[in-house]
Amino acid sequence: GFSSHFRFIPFSIQSHSAIALPFLSPIHHNPRLVKMPNAQAEAIKAQGNAFFKGGQYQQAIDKYREATAIDATVPAYWSNMAACYEKLGDYEQMAEAGRACIKADKNFVKGYFRLATAQKGMDDLEGCIKTLESGLAIQSSNPDLKKMKKDIAELQRGEQVAAYCRKADEQMTNGDVAGAYKTLELASRLDAGNPDIERMMSKVKPKFEKNEAQRKAGLSGSEMHKEKGDEKYKVADFEGAIDEYTKCIQDLKKEGKEMSELAMKAHANRAACYKQISNFDGTIEDCTAVLEIDPENVKALIRRAQAFEGLERYRFALQDVKQVLAMPYNKVGKQNFELCNMMQHRLQRTVNQLKAMNSS
Numbered sequence: 237g238f239s240s241h242f243r244f245i246p247f248s249i250q251s252h253s254a255i256a257l258p259f260l261s262p263i264h265h266n267p268r269l270v271k272m273p274n275a276q277a278e279a280i281k282a283q284g285n286a287f288f289k290g291g292q293y294q295q296a297i298d299k300y301r302e303a304t305a306i307d308a309t310v311p312a313y314w315s316n317m318a319a320c321y322e323k324l325g326d327y328e329q330m331a332e333a334g335r336a337c338i339k340a341d342k343n344f345v346k347g348y349f350r351l352a353t354a355q356k357g358m359d360d361l362e363g364c365i366k367t368l369e370s371g372l373a374i375q376s377s378n379p380d381l382k383k384m385k386k387d388i389a390e391l392q393r394g395e396q397v398a399a400y401c402r403k404a405d406e407q408m409t410n411g412d413v414a415g416a417y418k419t420l421e422l423a424s425r426l427d428a429g430n431p432d433i434e435r436m437m438s439k440v441k442p443k444f445e446k447n448e449a450q451r452k453a454g455l456s457g458s459e460m461h462k463e464k465g466d467e468k469y470k471v472a473d474f475e476g477a478i479d480e481y482t483k484c485i486q487d488l489k490k491e492g493k494e495m496s497e498l499a500m501k502a503h504a505n506r507a508a509c510y511k512q513i514s515n516f517d518g519t520i521e522d523c524t525a526v527l528e529i530d531p532e533n534v535k536a537l538i539r540r541a542q543a544f545e546g547l548e549r550y551r552f553a554l555q556d557v558k559q560v561l562a563m564p565y566n567k568v569g570k571q572n573f574e575l576c577n578m579m580q581h582r583l584q585r586t587v588n589q590l591k592a593m594n595s596s
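Mapping the sequence shown onto this note's numbering, position 134 (from 1) lands on 370, and the numbers just tick up by one.
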């Protein structure tokens with residue numbers, strides 16, 4: 237019964253002193269490193285390999301599973317099992333084996349490749365990319381993982397482009413020419429020169445341009461200035477945009493429409509321009525004009541608070557931020573709420589410090 241205590245070490249390993257020696261050195265005395273492969277599990281794995289070579293994948297799986305029952309910490313057993321499941325087209329089981337392989341040894345890079353292959357087979361491209369990134373974090377130069385990541389990114393891009401084309405087609409069917417044009421522009425940013433996009437664009441663009449010309453012909457002077465301002469803002473010509481918004485606001489004042497929706501938008505957009513060029517007084521003035529028309533305008537309150545902070549008028553800034561935080565959460569939105577929360581803490585701290593300095 238001593239065989240259970242003394243494991244047979246194959247002669248080939250003993251005779252290769254170059255392999256055996258490092259384990260004898262006290263520096264390498266780490267029980268994980270010293271662990272020898274289980275001879276019985278290795279023999280069963282060899283049977284599995286023979287079945288795999290003969291194309292008998294289910295029999296091979298049974299053998300590898302038998303080997304994992306003896307020692308589940310050897311990643312190769314799980315990796316080979318995953319390769320069999322791939323041959324059988326069973327990607328769910330392949331993914332399970334891939335995960336078990338990573339669990340057995342997170343530094344065994346092939347495990348990530350197996351799991352990613354299964355995820356690709358199940359069309360879980362997002363999960364696949366995440367797995368590949370985890371593998372590349374272990375071994376950033378691995379050519380298989382790098383190539384697969386590139387291929388998947390290409391697939392995702394292709395899918396997105398196809399989805400855009402379907403959407404544009406639907407928009408055209410519903411007579412939404414401007415929407416279709418916008419969607420195709422997004423698609424061509426992803427895949428410039430794509431023949432499908434160009435073919436659709438050749439139908440959509442002339443209609444869009446005709447509609448735009450008609451729409452612009454019907455715009456009033458103030459509307460035209462607002463539109464020109466928007467175009468200049470998009471290309472970061474803030475000074476030019478300010479000129480156009482100013483003309484729009486002046487025209488509206490002449491027409492007695494300074495409280496109109498258009499006036500509010502022009503003030504809001506001009507405030508955004510002033511903020512970009514750090515003209516805080518201008519930002520405050522325009523935001524105040526917006527708030528006279530719409531007292532609960534979240535964007536205007538936040539912009540004005542930021543401008544007040546820029547001018548070191550902390551109490552005013554705090555007042556605007558608190559007003560936003562007192563509004564219903566779904567009106568404010570997660571991003572704005574978090575931003576205001578941070579600003580409130582920062583401003584309150586500053587106000588308290590100034591109080592302490594003044595009183596001392």
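Check each hint, because a few of them may be wrong.
As the list claims (entries may be wrong) - Simulated restraints on C-beta separations: (1) Gly569 <-> Val471: 19 to 29 Å; (2) Pro442 <-> Lys567: 33 to 43 Å; (3) Asp380 <-> Met578: 20 to 30 Å; (4) Lys452 <-> Arg582: 42 to 52 Å; (5) Lys386 <-> Gln329: 37 to 47 Å.
Note that these hints are calculated values from the structure, not bench results. Since this is a predicted model, take the numbers as computed values, not measurements. Even for Gly, the Cβ is constructed at its ideal location relative to N, Cα and C.
*Go ahead and decide if the range 42 to 52 Å is satisfied by the Cβ distance of Lys452 to Arg582.*
holds (45 Å)
*Hint says 19 to 29 Å; check whether the CB-CB distance for Gly569 and Val471 agrees.*
holds (27 Å)
*For the pair Lys386 and Gln329, does the Cβ-Cβ distance stay inside 37 to 47 Å?*
violated (27 Å)
*If you check the beta carbons of Asp380 and Met578, does the distance land in 20 to 30 Å?*
About 43 Å separates the Cβ atoms of Asp380 and Met578, which means 20 to 30 Å is violated.
*Measuring from beta carbon to beta carbon, are Pro442 and Lys567 in 33 to 43 Å?*
Roughly 41 Å apart at Cβ, these two residues keep to the hinted range, so it holds.
Hints 3 and 5 from the earlier list are contradicted by this structure; the remaining hints agree with it.
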